[in-house]
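Student: One-letter residues, chain by chain:
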Amino acid sequence: MSTSVDGADVRFPAEAQNSAAPPSTAPDPADEPDHCDKKTDSGSLWLQDEIARRIAAKSSGTGGRHARRDNPDPSTAVGYVPRHSTATPDPAAEAPAPVGPPRPPKLPRRGPAGAYGDTEAWTGPDRSARDRPVLGGPSLPSGVPAKPAAGRTGAPARPYGAAAARLLSAPVLPAPPTPTAPPVTPVHVTQPGRPTPPPNVAPPPNAAPPPNAAPPPNAAPPAGAWTATPPRPFTPPAGTPVSGGPPRDPDPGPLTAPVLDGPIPDGPVGPVRGGPVLDDVDDDDDFVPDGTEHDEILWSANALPPPPVHPPPPGAIAVPEQRAAEMPRAARAPRTDGADADSPKRVRVVLAERKGVARPVRTVVDIQEATAVGALLRSNLIGTQLMVALRFAAVAGVTLGTLPLLFALFPAIGEFDVLGLRLPWLLLGVLVYPFLLGLGWWHTRTAERVEQNFADHVQE
Amino acid sequence: MTTPSVVALVAIALVGVVSAVIGSFGVRVARSTSDFLVASRTVSPIANASAISGEYLSAASFLGIAGLILREGADALWYPVAFVAGYLALLLFVAAPLRRSGAYTVPDFAEARLSSPALRRLCTLFVLVIGWLYLLPQLQGAGLALTTLTSLPAWSGIAAAGVVVLLTVVGGGMRSITFVQAFQYWLKLTALAVPAIIIVGLFLSDARTFDRPAPPQFADRTTVQVRTPVLLQTAGPVDFTAKGTVDGRTVDGPVQWAPGRHAVAAGSTLEFEAGSAVPTPAGAPTTDRDWLAPMSGDKGDQLLEIYSILIAGFLGTMGLPHVLVRFYTNADGRAARRTTVAVLAMIGGFYVLVTLLGALSRFYTPQLLVSGQTDAAILLVPTAALGPGWGGWLLGGLVAAGAAAAFLSTSSGLVVSLAGVLFTDVLRGRLQDFRLAAVLSSVIPLALALTVTRLDFSLTVPLVFAVAASTFCPLLVLGIWWRGLTARGAIAGVLVGGVLSGAATGLSMFADLPDDWIGVLLYRPAAVTVPAAFLAMIVVSRLTRAEIPVDTEQVLLRLHAPERLGLNPDRVGRPGVRDVQRPELT
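Chain order of the listed sequences is R and B.
With the working numbering applied, the first sequence covers 1 to 460.
With the working numbering applied, the second sequence covers 1 to 586.
So here's chain B without its partners, still in its complex pose (with noise of 0.2 Å):
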């Protein structure tokens, strides 16, 4: 093993290892349920925005934009944007009424709202589906650092993680998590600050620039390791050594390549000597002119995808089952808002520098567009910036680590939550119930992670947000603002929504698409989906108005009425919400 992996496997480890003390120390604090599931509703805002962001901040973000903007160029600025504004949407309409409504869960606010088991079931397994569609990208990223760092098999990373996620979740719970994931966001912030800063800098000094009408050049004799089928395309003829399959013939020895798009076949290994023209993955921009213009991509209906992008970033977030539950740690709909604004911030502090270490890895590895891996950038530029020697090898393990604590911190937040949904509507007990409710909860993806082939971080997190966006936010929006809402149009609404976007994942996800409109609309079923859950949850809810709840009224003005007034169900008995769903242990 060479000395780098060494450094990344020993950067891995340490955090494991911080993580797991932060959160025994949490333990000790966590007395009861409460503690457990909420952290007592005692967490600072700075302190639950440090959380909210540290776990919002998934290896999809930390490595999946990088790798993103490293392929399409200006055309991947719109995910972060979408994931950053998802949080201004969650502040305008939910997070305060949220809050207020005493709501753990989507179930939980389903159930305070409308009073229906049935849509509480509903919302039960659609919170189980989106956390387990989230979960397999994040455990995969895992096993992708851990290949790309020490050339480790993928399953030991996936495995690993699963285990330290689970330790820290049974071991601790909501208030060790709190401060392990406040932790954690910090952690990632710097692993990315640092290795920018340093970066950029060697930028600067060097005359290179991106506005040239040429692919990006291997700055040295580069060895290509191609381990999934990929397509490339070519602006000029390129020549290179090859051993393996390309282009459907079984190939060893020079080849070359002209203009046009060619496939290179698992397995193969293909080196260029330095200074030749890097062929790109074909659909992505080719120049670096193109690169740095917007809407420079060949793939049509580029517009509706980024609209379908935005919509299901702005509109997602919210029905995220990790991004909810930590808004009820919140003290009350107050510190709640206040809590998201400092999460804007935050979150938009890191994807700032996540977008520029991805734009500078179209310099320094450029060799992830042929392998197609490209979602192992961020973990590279280090080393390929700085060079062979400890600098490079020192900050490229603070990188892994930063990549460890992104994809610890999101699962963790998920198997909580999942766990939280498992243990209180499925299992229905105390605290052993909760251990098992988390193990349970990780169980799953994390088999489906060992089984399934992983996909681009760009392809499945759209995908995730775009389910959430089809089913909790029309039932969140719709149920905090509009007086009209009954339990059969929330029903049908969730149902239109969570089968449609469930389709659509699954055929992203196991078919080929055609790659026209409805490709687009099938791996970005945003633009579509949610305005069908919104109509059908109206149109229905307008049908049975008979069936509106007659304590709609004083539901409502709980979640708007600040708090002062005393109208909060945490000081106000409320048959709606049913506090054995939290049982305090006293």
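In isolation and in its complexed conformation, chain R is listed as follows (with noise of 0.2 Å):
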């Protein structure tokens, strides 16, 4: 998930609008805003903690890194959060318990992903805030609060990114960081040759991208995304040294870092599961796909190329959270790549969700679909509903139909005596109210019999 985010926010921009608000959003969205104004608030209380201390420990990122905080924290919590909201909120839940403990590790990574984010400053602002709110809410409980905020603070430097960027590439660095950190240790573990390529991707993002992007932030942000996440892998020596230097960085740095750690067990595992969830739309058809890419991407991560290509897009960073949710399919590859940071996490909360959402979906979207078979077995369902239904209306038709003429054509009918009462009052007084009844009932247990059976077959 966390992969596809970050790769789906360069092309969620566009798309992600487009596709993300109509599908699964819709049905969700409830319950995803309590989530976020959680993590939202927690993020703003860290980021304040962050702020204060990274004030305290450096002067000379300082500064960069306050300019973030300060427009980071207002624009990304609030513009951000409703569109984090939908993708974030689920993985949150789920992602804090991995997150906790991984972070202690990623802590030293952080310093090197920072390091490397300088150049990726904008991306990792982006990812940064997307990942915070779902890392947040488990960091904050892990007690590495500052983290937290930092991610927080990356995200908002997107909007003023660009420039910021420039002046403070510590401080942006240390938003990349938490993506890279995950590449990192994919790298390591894996992905020797992927990372490479990541590498060689990322630099010429990070040296022409970075100044560019900052000029344009929409573009800019996805740009140095890409590039971020390659810079990261090679960051990671420089990374380290600088770590130090800028807290923030450690914020992104634990998570990526733990994620790196986890991620390689237990990303993939994670990944899988939590794609699906995010997937709600198309949950069916990507759920294994997912999983299997989740895993690959966590490696492939820095699979750069795939990002630079949707760079343009970028405008919304946040876009990567919901993409993972509406655009799975598309934004897998890119998400891999981006997911690096922050897909391990994500993943996981998302795993549950999934699971219980996709089953029937499959199903149906075959019934759904123009296939041969689906037509059928949609004509059988309804045409049997109907003939139930007539079969029943018949009866009844002909039933109450036949009365008026019976009574008209033989008038003596009207003066048997049954129990007291002459027989059309009986029949139309009392009895036609039984049988009414009775047909009614009666077609109830059959149609829904006819509805369990279609059930029952569209799901083996």
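I should point out that these hints are in silico values taken from the structure, not numbers from a laboratory.
Remember, it's a predicted structure, so these values are computed and weren't measured experimentally.
We put the CB at the ideal spot given by N, CA and C, even for glycine.
Treat the hints loosely; a few may be bogus.
Claimed, not checked - The calculated label-pair distances, taken between Cβ atoms and stated as ranges, are: (1) R/420 with B/451: 43 to 53 Å; (2) R/431 with B/265: 42 to 52 Å; (3) R/416 with B/427: 52 to 62 Å; (4) B/542 with R/417: 51 to 61 Å; (5) B/2 with R/402: 46 to 56 Å; (6) R/420 with B/198: 15 to 25 Å; (7) R/417 with B/197: 52 to 62 Å; (8) R/399 with B/258: 37 to 47 Å.
Claimed, not checked - Quick partial rundown of chain B residues pointing at chain R, CB under 7 Å, derived from the structure: (9) 85; (10) 88; (11) 93; (12) 292; (13) 293; (14) 294; (15) 304; (16) 341; (17) 345; (18) 353; (19) 355; (20) 481; (21) 560; (22) 562; (23) 564.
Said to hold, decoys possible - One side only, chain R facing chain B, incomplete, derived with CB under 10 Å: (24) 48; (25) 56; (26) 378; (27) 382; (28) 393; (29) 404; (30) 418; (31) 422; (32) 424; (33) 447.
Using the supplied hints, reconstruct the complex from the two chains, each of which is provided in its own coordinate frame.
Tutor: In structure tokens:
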């Protein structure tokens, strides 16, 4: 998920808005908002703490950081919260647990990540913002408040990101580190080859993108994000030294670092599950793939190539999370990249939810699509139900419809006494109601059985 | 004011107060627009069925059916049968799919199914027409009840009913309405069951029987006030004292009528001795034996009329706006079906009691046949059967409370559904607008009710059912079951059925109809207009088959697939249904 998020971010801006809103977002939003708010709240607290720490800790980086903090916190919190909420909330819930433990290890890495982050300042902020919501929840519990705050600050940086990033490369770096950290770990673990590519890709982005990106915030962010990812791998060496400097980096770094440790083992598993959750809409198809992808993604996360392509859309950084939910398939590749840092955490959270949703959808999709089988099933269901309804209507209609005719043709019927009542009065005043009730009850049973059979058939 | 009047007034006031209290409890629960309009779909099938029954059993059912039976006898039994059978049709063809469509009103459904704004507007128009047409007799019924029970002017009853309905709706919205109406159903059932049991006991202990070849008799010396012009007929010579205009002559003294038809002008007072034969309305069975047998009136084309009533009731119920909206408060399609089955049982039991009391009223309140106010039969039976005294007065008060519940529940249900349509289609807004819509949707029929002469329930209600059956029934049934329906076909069908039945309604209400089959078809138009609407819809749809919506298959699947597949619009984002229609305050 997280990976996809990052990758998605780049693409997302454009696509996310279009597709994101309609699909799954609508149903679940209600729940998400709350989460978001909570996260936001925690985030703000963290941010404040971080700011204070940073100010105290460093002077050089501080300025840049300060700038980010101010801007990011307000802007990100307000503007992004909703968007993130969709994707982030869920992940956040689950993510916390995993995040907490990993963080400690991450801290050291953060430093490095942060170093890299400088070039990637853009992505850093974005990712951090996105991740932070999710991570923030967890991180707080874990007891690494400062980090989450940093992440958030990074997110805010985005807007100013371009300018701020340039000026405050160090601060910028921190944000990216978070994402980078995960990638880094993957690199160490499995993806020697992959990491390399990312770096390659990354370098160019870093060099060129940062400046370029800076001017146009929207465009820059995506580019930065991508570049950031690649840089991260590279940066680690440089980043390590840097890490000490920027407290904020620590935040992202810690997050990522844990991810790395955790991710490698858990990452694959978690991502898969998480991936599906996010993809609510398309869950069916993507589930398995996502899982696999996620695993791969973690490593390939650095596969910057795809991200670079997408950078243009990056405008909306927050998108990543949403993307995950909305654009699972398309964004997957990118996601993996972006996910590096975030994916592990988010993935875990998502996993639980998706499981529930996915199953029904798959079967349903077959029916819904214009396949011969689907058409047959549909017309079979509707035809059967129509025949059932018509049969019952015919019984009622014929029974009630022939009575007036009988009464008119054979007036003697009206003379019969049954149970002390004239036959017409007994029939029309009393017996017709149990008759209609019985028909209705019988029809309900029949119709429910038809539906039951249909559902069983479809879900087999 | 007499004691029974005071008792009845107190009983009616109690109903209003209790309804308001229950409604105000609902207000505390109603926090969102969803609560307000559809009770957040959290109403259980039994509660919902009680509410549907309470809403459906209008003053026309509570008072009108008994009056019809008093006058027409066995032939009037077809009316309640048709009204109950309407719920069977609703169950068979509409209930579950409509619930799954997520549509709140017919316009919602039309748009979800065919995506045609023009069709939506047309449906909105007919929802308002049907709702207002149906509100009219309800409000006037309140006036009749108040006049009958207390001799207060009719306008006071109409105005009071309007105000109480408005307060209930504006105050609580749909959720409180649900509880209020559930309460009102059980109140109505009680108000019929208790008198029915007591009066049946009296009747059985009496030696009288309906099976005799003579008209009903006045049990005591009876004075009849004729408030509207009536045309009566007698089987044998009738002697009475009259003051006013009889058979076109001004009379003040004894009069003897020969067998045949006689006209009495409004404002006349007729006084009959105990034991004299009761003149009956022209066209209705004269003797008790005829009254007891089916197909016994001397009106022509009775078979056509009965079939027309059956068609209107069977197919018209599903088109009533306040009935449809109720199904949206069910949890899912399955609950919608079960709710409908429960409704069949509830209204079936109710109509058995109404039939019983209506038949007994032929014994105890025959003077209503002379005055033409047969719709008041149920209100007067308890006091007439038990005689003056607290027993009769209290029983009369209970029945008065039931009658008040009847027109309050139906009226408030209608106002809620009309306001829902106005609110979503015309005014477009939030909660304040819903209240404004409620005011608008009740003020117009209120003004009509105060200015138009009251007509028998037996005339107006079947007309409303006929309009509903000619417009929304084809749209719903074909929309749910037929892939080939197009927006233009639907518009054509609704227009054909609506214009034909609307014209017939207008003529029936404001013109003198010929006494042949044409007249029958004009005031019982369903037998012609419903097939015409179906035909127009099918033919035009076939002609425009290129315009069949591309998403027809998906929409139909959602209507019919069980919820567990997760296809229904509550879970799947669906462009066809505009959730904007039902904004949620979050």
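Student: Now, for every hint given, state plainly whether the structure supports it.
Tutor: Status of the hints after comparison with the structure:
| no. | hint | in the structure |
| --- | --- | --- |
| 1 | R/420 with B/451: 43 to 53 Å | holds (48 Å) |
| 2 | R/431 with B/265: 42 to 52 Å | holds (43 Å) |
| 3 | R/416 with B/427: 52 to 62 Å | holds (58 Å) |
| 4 | B/542 with R/417: 51 to 61 Å | holds (52 Å) |
| 5 | B/2 with R/402: 46 to 56 Å | holds (50 Å) |
| 6 | R/420 with B/198: 15 to 25 Å | holds (19 Å) |
| 7 | R/417 with B/197: 52 to 62 Å | violated (23 Å) |
| 8 | R/399 with B/258: 37 to 47 Å | holds (44 Å) |
| 9 | 85 | holds (6 Å) |
| 10 | 88 | holds (5 Å) |
| 11 | 93 | holds (5 Å) |
| 12 | 292 | holds (6 Å) |
| 13 | 293 | holds (4 Å) |
| 14 | 294 | holds (4 Å) |
| 15 | 304 | violated (10 Å) |
| 16 | 341 | holds (5 Å) |
| 17 | 345 | holds (5 Å) |
| 18 | 353 | violated (10 Å) |
| 19 | 355 | holds (4 Å) |
| 20 | 481 | holds (5 Å) |
| 21 | 560 | holds (5 Å) |
| 22 | 562 | holds (4 Å) |
| 23 | 564 | holds (5 Å) |
| 24 | 48 | violated (29 Å) |
| 25 | 56 | violated (41 Å) |
| 26 | 378 | holds (5 Å) |
| 27 | 382 | holds (5 Å) |
| 28 | 393 | holds (5 Å) |
| 29 | 404 | holds (5 Å) |
| 30 | 418 | violated (13 Å) |
| 31 | 422 | holds (6 Å) |
| 32 | 424 | holds (5 Å) |
| 33 | 447 | holds (7 Å) |
Comparing the model with each earlier hint shows violations of hints 7, 15, 18, 24, 25, 30; every other hint is respected.
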